[in-house]
Amino acid sequence: MKRQAKELHKKEMDMYLNLWLEAKQSYKSGTYKDCICVSLAQQQDKNGFTDEQAAYVAGSFLEAGSDTTSSTLYGFIQAMILFPEVQRKAQAEIDRVIGPDRLPTLDDEDNLPYIRGCVKESLRWMPTALLAGVPHASNREDQYMGYRIPAGAGLVNNVYTIHMDPQRYPDPRAFKPERFEGDMASAADSALNPDPSKRDHYVFGSGRRICLGIHVAERSLFIAISRMLWAFDFLPELDPSGNPILPDPNKLTEGLSVLPEKFGVQIIPRDEARARKIMDESMEIMMQ
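Numbering (the working numbering), first residue to last: 120 to 407.
Worth flagging that the hints you see were computed from the coordinates, not collected in a lab. On a predicted model such as this, the values are computed, not experimentally measured, just so you know. All the pointers check out, no bait thrown in.
For each label pair, taking beta carbons as the anchor points, the in silico distance ranges come out as: (1) E260 with L375: 27 to 33 angstroms; (2) S316 with V275: 15 to 21 angstroms; (3) Y151 with Q262: 50 to 56 angstroms; (4) P388 with P315: 40 to 46 angstroms; (5) L375 with L138: 19 to 25 angstroms.
Cross-link-like lysine-lysine pairs, in silico, DSS-like; alpha carbons within 30 angstroms at most: (6) K295 with K370; (7) K130 with K152; (8) K130 with K165; (9) K143 with K165; (10) K129 with K152; (11) K317 with K370; (12) K143 with K130; (13) K165 with K147; (14) K152 with K396; (15) K152 with K165; (16) K165 with K129.
Note that CB positions come from ideal geometry on N, CA and C, so glycine has one too.
Based on the sequences and whatever the hints tell you, model everything.
See the structure below:
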């Protein structure tokens with residue numbers, strides 16, 4: 120196992136280093152796109168860190184963000200299959216605010232409160248980090264509900280149990296963006312609230328070890344969810360008799376980061392114009 124881990128780490132670092140050196144060269148030549156690698160390149164000489172260190176920092180951002188974000192989107196798609204009324208309401212808001220001729224952007228966020236609720240509810244309903252990742256430690260002995268917590272004990276948030284608490288979130292297995300109606304605080308701002316009962320969710324952890332990517336993740340999910348709903352309908356797969364095959368939302372993969380078990384879905388463009396717009400945007404991104 121240790122040998123396999125070392126081999127995997129070497130492959131990972133080779134990939135990160137190649138990507139970093141390519142980004143660094145584009146920065147020096149003035150052909151770069153603004154990203155974290157630009158900040159690293161600007162700070163490298165001043166702070167004296169190596170290419171390997173810069174590559175690992177940039178690669179960690181890439182890997183951590185892509186894995187958890189994609190897992191959350193799997194859960195969101197499953198929710199759209201199981202709760203079609205939410206999909207219809209979300210699309211109605213997008214159509215009213217955005218219309219059919221352009222894709223949503225971050226500038227639209229304040230005008231799409233139901234989509235913001237979909238983002239928050241996706242993170243609550245299908246948390247990808249069931250135990251909030253990074254452990255904490257008790258600095259002194261404590262008692263909680265009759266349980267003794269010795270000094271130095273490792274502590275983790277049981278995020279899934281918190282998110283499924285019916286007193287905190289009534290009908291917790293239902294996907295209800297309305298829970299967050301009127302909540303305009305970002306996940307980061309919510310995490311700073313000294314009253315834990317006012318937190319929107321705990322998927323990014325808590326305290327000083329909260330996920331550093333909280334801002335990027337929430338914005339990425341807003342863009343992804345709003346654009347997916349702008350462009351596509353999500354329908355359940357059908358059996359040979361034409362009956363919908365609905366997935367079980369309680370069946371999750373195992374691991375530090377989880378996602379729904381494999382399920383079937385029909386992803387259908389809402390109309391030909393939107394399909395062409397998505398293809399054009401995709402080609403433009405690939406050419407950058």
